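There are 2 protein chains.
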Amino acid sequence: MKQRLFTPGPTPVPEETLLELAKPVFYHRSPEFKQILSEVVADLQYVYCTRNPVVPLTCSGTGGMEAALTCTVPTGGKVICLISGRWGERWRNICKAFGFNCISVEVPYGQAVAPAQLAEALKQHPDAVAVCATLCETATGVGNDIAGFGKLVASTPALLIVDAISGLGAMECRCDDWQVDICVSGSQKALMMPPGLAFVSVSDKAAKVMAANPAKVFYLDLKKALAKLKESDTPWTPANTLIRAMRQSLKILRAEGIETIWARHARMAEAARAGMQALGLELFAERPAAGLTVAHVPAGLDASTLLKKLEKQYGLKLAGGQDTLKGKIIRLSHMGHVDQFDVLAALAGLELVLLEMGHPVEPGAAVAAAQRVFAQAVAPVPVASA
Amino acid sequence: MKQRLFTPGPTPVPEETLLELAKPVFYHRSPEFKQILSEVVADLQYVYCTRNPVVPLTCSGTGGMEAALTCTVPTGGKVICLISGRWGERWRNICKAFGFNCISVEVPYGQAVAPAQLAEALKQHPDAVAVCATLCETATGVGNDIAGFGKLVASTPALLIVDAISGLGAMECRCDDWQVDICVSGSQKALMMPPGLAFVSVSDKAAKVMAANPAKVFYLDLKKALAKLKESDTPWTPANTLIRAMRQSLKILRAEGIETIWARHARMAEAARAGMQALGLELFAERPAAGLTVAHVPAGLDASTLLKKLEKQYGLKLAGGQDTLKGKIIRLSHMGHVDQFDVLAALAGLELVLLEMGHPVEPGAAVAAAQRVFAQAVAPVPVASA
Numbered sequence: 001m002k003q004r005l006f007t008p009g010p011t012p013v014p015e016e017t018l019l020e021l022a023k024p025v026f027y028h029r030s031p032e033f034k035q036i037l038s039e040v041v042a043d044l045q046y047v048y049c050t051r052n053p054v055v056p057l058t059c060s061g062t063g064g065m066e067a068a069l070t071c072t073v074p075t076g077g078k079v080i081c082l083i084s085g086r087w088g089e090r091w092r093n094i095c096k097a098f099g100f101n102c103i104s105v106e107v108p109y110g111q112a113v114a115p116a117q118l119a120e121a122l123k124q125h126p127d128a129v130a131v132c133a134t135l136c137e138t139a140t141g142v143g144n145d146i147a148g149f150g151k152l153v154a155s156t157p158a159l160l161i162v163d164a165i166s167g168l169g170a171m172e173c174r175c176d177d178w179q180v181d182i183c184v185s186g187s188q189k190a191l192m193m194p195p196g197l198a199f200v201s202v203s204d205k206a207a208k209v210m211a212a213n214p215a216k217v218f219y220l221d222l223k224k225a226l227a228k229l230k231e232s233d234t235p236w237t238p239a240n241t242l243i244r245a246m247r248q249s250l251k252i253l254r255a256e257g258i259e260t261i262w263a264r265h266a267r268m269a270e271a272a273r274a275g276m277q278a279l280g281l282e283l284f285a286e287r288p289a290a291g292l293t294v295a296h297v298p299a300g301l302d303a304s305t306l307l308k309k310l311e312k313q314y315g316l317k318l319a320g321g322q323d324t325l326k327g328k329i330i331r332l333s334h335m336g337h338v339d340q341f342d343v344l345a346a347l348a349g350l351e352l353v354l355l356e357m358g359h360p361v362e363p364g365a366a367v368a369a370a371q372r373v374f375a376q377a378v379a380p381v382p383v384a385s386a
Numbered sequence: 001m002k003q004r005l006f007t008p009g010p011t012p013v014p015e016e017t018l019l020e021l022a023k024p025v026f027y028h029r030s031p032e033f034k035q036i037l038s039e040v041v042a043d044l045q046y047v048y049c050t051r052n053p054v055v056p057l058t059c060s061g062t063g064g065m066e067a068a069l070t071c072t073v074p075t076g077g078k079v080i081c082l083i084s085g086r087w088g089e090r091w092r093n094i095c096k097a098f099g100f101n102c103i104s105v106e107v108p109y110g111q112a113v114a115p116a117q118l119a120e121a122l123k124q125h126p127d128a129v130a131v132c133a134t135l136c137e138t139a140t141g142v143g144n145d146i147a148g149f150g151k152l153v154a155s156t157p158a159l160l161i162v163d164a165i166s167g168l169g170a171m172e173c174r175c176d177d178w179q180v181d182i183c184v185s186g187s188q189k190a191l192m193m194p195p196g197l198a199f200v201s202v203s204d205k206a207a208k209v210m211a212a213n214p215a216k217v218f219y220l221d222l223k224k225a226l227a228k229l230k231e232s233d234t235p236w237t238p239a240n241t242l243i244r245a246m247r248q249s250l251k252i253l254r255a256e257g258i259e260t261i262w263a264r265h266a267r268m269a270e271a272a273r274a275g276m277q278a279l280g281l282e283l284f285a286e287r288p289a290a291g292l293t294v295a296h297v298p299a300g301l302d303a304s305t306l307l308k309k310l311e312k313q314y315g316l317k318l319a320g321g322q323d324t325l326k327g328k329i330i331r332l333s334h335m336g337h338v339d340q341f342d343v344l345a346a347l348a349g350l351e352l353v354l355l356e357m358g359h360p361v362e363p364g365a366a367v368a369a370a371q372r373v374f375a376q377a378v379a380p381v382p383v384a385s386a
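The listed protein sequences correspond, in order, to chains A and B.
Quick note: the first sequence uses my numbering, first residue 1, plus one each step.
Quick note: the second sequence uses my numbering, first residue 1, plus one each step.
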């Protein structure tokens with residue numbers, strides 16, 4: 001059976017990139033690697049919309065998040081964590097692990113943090129050294145207003161640190177225009193690669209804070225990584241074959257163009273929402289991100305059975321909820337190497353399984369609703385008469 | 001031109017494993033991944049010669065070394081570092097970064113640390129909480145006597161922590177018999193995989209120390225990783241496609257058999273040494289490891305030219321010296337997916353380049369000397385008469 005991966009990371013990887021991964025291994029202290037790394041960094045800067053250096057780390061996104069905090073925050077330092085779900089909570093958990101003073105600004109699952117909440121927190125805590133936010137809260141499908149946060153943080157001494165792991169390359173994220181100091185991403189989401197790499201952009205403001213901070217770090221030392229990056233090198237053995245393959249995925253991204261990519265994801269998200277609503281499903285996120293669509297599981301239906309049927313009968317691998325949301329939501333990722341026809345496939349499968357499970361569904365309603373969204377992007381071209 | 005990789009990491013990867021890397025990406029929170037991880041851990045235990053759990057980490061070997069120390073040593077804790085080269089120095093550098101009290105036991109480059117030196121250090125520092133050693137000092141080609149260290153450390157409260165990154169799978173390393181508490185390895189050496197994964201075995205003694213140590217760790221938290229490993233899971237998104245490919249390389253290792261692999265490497269090392277000596281090269285390591293052979297560059301010859309000629313004219317990629325040894329030595333790795341005929345190729349290329357550079361060489365001397373070593377492993381079989 002043909003398999004389609006709709007989990008919010010890992011996501012499908014283009015065949016051209018998979019073939020790069022199968023190429024023979026090469027030595028990493030070589031002009032060849034320096035050339036590859038410099039191309040990858042330049043293309044990441046393009047995707048990040050930044051002129052700041054973007055450091056590659058061999059680790060998952062969580063390692064990049066840890067590096068961002070431990071390299072910049074002194075012991076006991078105050079960190080405002082904007083929390084709209086499990087991934088926002090990860091910021092708090094990292095703070096706890098390293099003895100930082102975490103000020104939590106929390107909203108219920110499904111909602112986004114309002115810039116006004118951050119403004120209030122900054123007023124109460126002018127000594128905060130960092131503000132941690134989440135571009136796309138993958139646990140709930142919410143997108144947060146990073147531009148709004150950036151305007152508030154820029155005028156303070158604090159750094160704006162953003163987890164853009166599952167948002168970067170799927171939705172608008174203009175690191176320089178939005179004054180993001182440290183932006184963390186991961187290879188396995190909209191950047192169309194397997195997991196194993198994290199990327200961290202570092203602004204001048206952040207670099208100055210790091211230089212003055214006597215951090216207890218080694219493997220995840222961004223200061224050391226920044227210094228090595230100047231020579232297109234890394235402090236430790238990098239996952240060099242992943243970086244070589246990353247170059248391929250970034251070439252594909254760059255050829256499509258970042259704004260076109262954002263528009264494609266926005267359209268897929270709108271279509272997925274329209275399709276889900278046509279199935280009578282209630283959407284979960286009040287300010288939805290572009291990379292995934294999250295819906296409540298209808299009352300009386302077993303989420304686990306629904307997901308298993310999609311996978312076993314139709315090869316459609318969606319994700320369920322995590323932690324307290326387990327069994328309550330389904331998550332359809334459409335980020336990265338995914339197009340409108342993949343979204344139609346997911347909705348069509350969902351229709352069929354809901355029908356089979358006795359949920360009242362008009363066959364074709366979801367795919368038609370989605371298709372109407374996709375049709376809006378088509379400009380009619382007059383056909384020359386014969 | 002046909003390329004042959006003889007650098008001491010990354011090393012050549014079998015084609016079957018490369019093809020695994022090109023397979024479509026899959027979801028990591030799945031029964032499929034649990035099955036793969038449990039097979040990988042079982043096969044790693046076989047290679048490690050241990051019944052202890054072996055934790056996979058998405059990072060390079062250095063990340064595994066950091067995890068071993070930060071999870072077990074309290075702030076200010078005393079660590080005896082046995083240093084015979086650059087990689088032993090890495091233990092010291094990690095201690096410095098995290099404020100541990102490093103007691104250095106050093107020998108000149110090219111020599112191994114004697115167990116008697118460790119005995120003396122343990123006598124002087126009975127309060128040491130860890131002893132850090134290096135199985136194969138890749139910077140110099142020296143192999144250290146881990147079995148000898150284990151006998152001394154086992155009767156103390158200290159943990160024996162071994163960097164076996166470039167030794168494991170190339171030379172004898174019996175973690176349980178030798179009483180190694182934490183053994184760190186990396187994917188990209190004798191385990192025949194690209195870089196990106198580290199593996200860390202944890203003894204009961206080490207697990208107890210970790211449980212009592214309030215470590216400031218998060219991404220590299222071995223305690224959390226051990227707990228997750230009980231369910232064949234990981235705390236953070238693992239490099240799951242690397243782990244799937246790792247399974248393939250481990251199957252190949254297991255099919256050959258670990259003792260046969262050690263014998264193969266020992267033979268290749270002996271042949272490489274015989275070949276180098278037949279070329280008039282002076283060997284560098286007094287207690288050579290089985291995974292690589294290191295020789296002085298003859299006086300008057302430029303190391304960089306030598307290495308470039310090998311690479312550009314013959315596709316043979318060897319490594320030079322690092323730091324203070326730059327320009328002084330050449331390093332021929334024969335670990336992992338390398339056989340006797342690859343060693344002959346490397347020696348043959350070395351002969352040709354040395355001849356071309358005017359170094360007095362008898363053509364065929366090196367390959368013949370190596371071949372005589374390989375011939376010793378051939379038991380004559382009587383041929384049935386017609």
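Think of the hints as simulated: they come from the structure by calculation, not from any bench.
Model, not experiment: these values are computed from the prediction.
Just to be clear, a hint being listed does not mean it is correct.
It does not matter which identical chain is meant; a pair holds if it fits inside one copy or across any two.
[Unchecked claim] Cut-off 25 angstroms, straight-line C-alpha distance, at most; resulting in silico cross-link-like pairs (BS3-like, lysine-lysine):
#1 K96 / K216
#2 K208 / K228
#3 K151 / K2
#4 K96 / K2
#5 K326 / K224
#6 K251 / K23
#7 K151 / K230
#8 K224 / K34
#9 K78 / K308
#10 K78 / K216
For each hint, the structure was consulted:
1. In this assembly of identical chains, K96 and K216 lie within 25 angstroms of each other by CA distance both inside one copy and across copies; the values are 15 angstroms within and 9 angstroms between.
2. For the homomeric pair K208 and K228, the shortest alpha-carbon distance inside one copy (17 angstroms) is at most 25 angstroms, but the shortest distance between copies (37 angstroms) is not.
3. Taking identical chains as interchangeable, the C-alpha atoms of K151 and K2 are never at most 25 angstroms apart, the minima being 46 angstroms within one chain and 56 angstroms between chains.
4. Taking CA atoms no more than 25 angstroms apart as the test, K96 paired with K2 passes in neither setting, with 44 angstroms inside one copy and 53 angstroms between copies.
5. In this assembly of identical chains, the alpha carbons of K326 and K224 lie at most 25 angstroms apart only when taken from different copies (22 angstroms versus 40 angstroms within one copy).
6. In this assembly of identical chains, K251 and K23 lie within 25 angstroms of each other by CA distance both inside one copy and across copies; the values are 17 angstroms within and 20 angstroms between.
7. Taking the shortest alpha-carbon separations for K151 and K230, neither the intra-copy value of 30 angstroms nor the inter-copy value of 46 angstroms comes in at or below 25 angstroms.
8. Taking the shortest alpha-carbon separations for K224 and K34, only the intra-copy value of 17 angstroms comes in at or below 25 angstroms, while the best inter-copy value is 35 angstroms.
9. Neither within a single protomer nor between protomers do K78 and K308 lie at most 25 angstroms apart by alpha-carbon distance, with minima of 44 angstroms and 52 angstroms respectively.
10. In this assembly of identical chains, K78 and K216 lie within 25 angstroms of each other by CA distance both inside one copy and across copies; the values are 17 angstroms within and 17 angstroms between.
Checked against the numbered hints above, the structure breaks hints 3, 4, 7 and 9 and satisfies the rest.
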